[in-house]
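Asker: If you want the building blocks of each chain, they are given just below.
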Amino acid sequence: MREGIQKAGRIAAIALASTLVIGGSANLLAQAEAAQPPTAEVKIDNFSFGPVLLTVAPGTKVTWTNRDDIPHTVVADDKTFKSRPLDTDEAFSYTFDKAGTYPYFCSIHPHMTGKVVVK
Amino acid sequence: MTDETNDTKDVILHDHHHDGVDRRGFLKCMAWAGAGALYVMQGGVLKSYAMGGSPRSSSGIAAGELSFVQISDSHMGFNKAANGDVVGTLKTAVERINALSIAPEFILHTGDISHLSKPEEFDTVDQILKGAIAKDVFYVPGEHDVLNDDGKQYLERYGKAANGSGWYSFDKKGVHFIGLVNVMNLKPGGLGSLGHDQLEWLEHDVKHRKASTPIVVFAHMPLWSVYPEWGWGTEDSAQALSYLKKFGSVTVLNGHIHQLMQKVEGNVTFHTAASTAFPQPQPGKAESPGPMVVPAGELRGLLGITDVNFVQGRHALAIVDSSLK
Chain A
7 MREGIQKAGR
17 IAAIALASTL
27 VIGGSANLLA
37 QAEAAQPPTA
47 EVKIDNFSFG
57 PVLLTVAPGT
67 KVTWTNRDDI
77 PHTVVADDKT
87 FKSRPLDTDE
97 AFSYTFDKAG
107 TYPYFCSIHP
117 HMTGKVVVK
Chain B
66 MTDETNDTKD
76 VILHDHHHDG
86 VDRRGFLKCM
96 AWAGAGALYV
106 MQGGVLKSYA
116 MGGSPRSSSG
126 IAAGELSFVQ
136 ISDSHMGFNK
146 AANGDVVGTL
156 KTAVERINAL
166 SIAPEFILHT
176 GDISHLSKPE
186 EFDTVDQILK
196 GAIAKDVFYV
206 PGEHDVLNDD
216 GKQYLERYGK
226 AANGSGWYSF
236 DKKGVHFIGL
246 VNVMNLKPGG
256 LGSLGHDQLE
266 WLEHDVKHRK
276 ASTPIVVFAH
286 MPLWSVYPEW
296 GWGTEDSAQA
306 LSYLKKFGSV
316 TVLNGHIHQL
326 MQKVEGNVTF
336 HTAASTAFPQ
346 PQPGKAESPG
356 PMVVPAGELR
366 GLLGITDVNF
376 VQGRHALAIV
386 DSSLK
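Chains A and B supply the protein sequences, listed in that same order.
For reference, each letter of the first sequence is one residue, going 7 to 125 in this note's numbering.
For reference, each letter of the second sequence is one residue, going 66 to 390 in this note's numbering.
Isolated chain B (complex conformation) (with noise of 0.2 Å):
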């Protein structure tokens, strides 16, 4: 690690796990989330740059072959103190969606898309999205979203290509896509739970791609355990990533917990988005994973957009993060 060159500041030290990271480095991109960070992955390490708020400034860092937006938790019909505009916050993630120096390909939705799973609530966000300078939207469903019918209006609007509960998987630019459904069938006690048939379904899915293949997989839980006190993680999730074990380069991005985290296990970089509607306290920080009502000035702040980019043959991927400010 010693001998990288890199004329940032930001620059990883220790990387005593060789997983790329150190925890001076992590705690920097924990302490950035309100700002943007980005982060590029070169040959399986993991380089960190502070940016400042207006995605643009990522241009040239982040310019790829391929470019995808994920966005996530538009909890379409919350309207309690922690956020009474929800459109108006969903209608400023298109806005930034649409300024992005390098435009995206399509958009990741990692669940939650409505908060009561009523029809109008979809309807919503459907309509909303339709001004994103990118037209295609790939979504996975969060529990907000089969609260009434296991599902089924869910998979009637967004998964009727889908497998079992609305899982399934894509290819763009030699970057292999993986959409994982984690909220469905949740037993007492437990957390996220991919479920027998879903992970027969991935290993079947991975099993003769090249090592060499990115592979992105999006989810709505997060697939590695953030707070299972809060439920935050997916019981499952183990063995899912051990069928990801022979890929270079693996990259997780979840929502649920409406904050941004990010943590790297050897060749796997997990990634959390901010959520288009309410933030939530950070693990432990309040007596419940509730809406966190902040100061209006700060709302924004806390809510984002996270911009996705992989340079082809360099073996790069960046994620970037914007709020909404």
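Isolated chain A, as found in the complex (with noise of 0.2 Å):
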């Protein structure tokens, strides 16, 4: 039922879209920039994460991305997310849609720990 709904919804907004495209085009492409998620970044040097408390909007997409000589992953605590080990210079992105606490470690190294607050 629920995804009936969205269905008409996004027909809705679908010939929203073709009006405004009628309408003039410089609205389409600023509809089209708002729609892009928000992105953040870590980088993960010295067998570290930086920044380690890492703030951001719900909807954001993190990636990580190791800049040391050893492999490294990105893992949470919980297990809610889990990179593949990152070898020189490989990222990891996922995308936070819950407001929420996601503590994270390294699962090779765990001594290194970092945080991503959503809110």
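It is possible that part of the hints are untrue.
Unchecked claim - Simulated crosslink set (DSS-like; lysine-lysine; CA at most 30 Å straight-line):
#	chain 1	residue 1	chain 2	residue 2
1	A	Lys85	B	Lys252
2	A	Lys85	B	Lys225
3	B	Lys183	A	Lys85
4	A	Lys104	B	Lys252
5	B	Lys237	B	Lys156
6	B	Lys275	B	Lys238
As the list claims (entries may be wrong) - Over 10 Å on every C-beta distance to chain B, these chain A residues come out as not near it, computed from the model:
#	residue
7	Glu47
8	Gly65
9	Val123
If you're looking for bench data, these hints aren't it; they were derived computationally from the structure.
For every residue, glycine included, the Cβ atom is placed at its ideal position computed from N, Cα and C.
Put the two chains together into one complex, using the hints given.
Answerer: Written out as structure tokens, the structure is:
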């Protein structure tokens, strides 16, 4: 039932967008940009996550990049997200939809810990 | 200690804790790390001798009835600045093993066989070690060997007869060897971990053994608190060691920290081996424990193999580190 409502909403949005195309392409562009999810970066350097505490809005896509010469992982303490081992310059992304506090660590080097706060 | 006769100048002068090592002696051991050092345990007393770069210079002193070699941290697949040729340095390690004056009966590999747990990395190490004079290799996993599958591949390759995540024990010429796994199920903020099941197994494994049985424990991460800030320790190692208290001679061999380090505590000698791949900094001497880039001419002096000899009846265990230079 809920899915049906969402579908109906989407059709309405497309209809609205079509109207806007007729009305002016600049408006459509602005709307497309607004639809891009916000992003944030965490760098892994010298066996540490930076920033170690990251605060983002719900819906933010966070990307971790390993800049060490040694592989690391990004694993939520409660395992809600878990990267494969990231070798040098490899990255992992996760989108945080819900507000909350997400502590995580490197499962290879567990003394490496970090936290994402979503609010 | 003062009545010990020893014709080298490196005798232990002040053994306040009756643990066979004084502060100066310990620092000396540390200072020798690059060049190789010989430790002889006799009747619970550790004697230290300096030795040259050649492993042959240990002949005579270290002769015993059981000889084996420890290698560690071959990190096959690593190709960064600290060592672009980990194949070459592992091959040199095998040449050193084959050149030892006393042919070792087997090899212990204390983990991080591979760098990224890739099948071809394990294959390459297996292939190179086939060139060693000692045909049997006993492994324990490092964290780099169990990256993707909770150690499934490792167990299939090396641990078919092992318990749990890969722990086991065996006997050679009266010495009891115990291979432990402390790289699985690591907790956030924590150190290496043995876990309840393995501890229970260990307690049972040693319970009915005679106190006079020499014990050799080998595991990847140090079973003593080397530097917790870098995760260099094992959270429940004290409990494991409590089961070994009754034994007169316990030798604990680890890898993981890519440098030589030794500590003696009562009946227990702790020793970490050099890597065959790349060195890591001394505790706290760098921003992180990452691979240490050294001038090309110095690399092989910081890599190495560890040769261990046991002399039956004399209660002696000798540990000789040789660099790959």
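Asker: Assess, step by step, whether the Cα of Lys183 of chain B is no farther than 30 Å from the Cα of Lys85 of chain A, and give holds or violated.
Answerer: 23 Å, holds
Asker: Measure nothing beyond the straight line between the CA atoms of Lys237 of chain B and Lys156 of chain B; if it is 30 Å or shorter, mark the hint as holding.
Answerer: Distance ~26 Å between Lys237 of chain B and Lys156 of chain B Cα, so the pair holds.
Asker: Gly65 of chain A: least C-beta distance to chain B exceeds 10 Å?
Answerer: Since the minimum Cβ distance to chain B is about 25 Å, Gly65 of chain A lies beyond 10 Å and the statement holds.
Asker: Need the status of pair Lys104 of chain A, Lys252 of chain B: alpha-carbon distance at most 30 Å?
Answerer: Holds. Lys104 of chain A to Lys252 of chain B sits at ~24 Å (cutoff 30 Å).
Asker: Regarding the pair Lys85 of chain A and Lys225 of chain B, is the alpha-carbon distance no greater than 30 Å?
Answerer: 28 Å, holds
Asker: Is it correct that the beta-carbon of Val123 of chain A has no partner in chain B closer than or equal to 10 Å?
Answerer: 16 Å, holds
Asker: Need the status of pair Lys275 of chain B, Lys238 of chain B: alpha-carbon distance at most 30 Å?
Answerer: With a Cα-Cα distance of about 14 Å, the restraint between Lys275 of chain B and Lys238 of chain B holds, given a limit of 30 Å.
Asker: Does the claim that Glu47 of chain A lies outside the interface with chain B hold up, using a Cβ gap greater than 10 Å?
Answerer: At about 20 Å from chain B, Glu47 of chain A clears the 10 Å cut-off, so the statement holds.
Asker: Verify the proposed pairing of Lys85 of chain A with Lys252 of chain B, using a straight-line Cα cut of 30 Å.
Answerer: Status holds; Cα separation ~11 Å.
Comparing the model with each numbered hint stated earlier shows that all of them hold.
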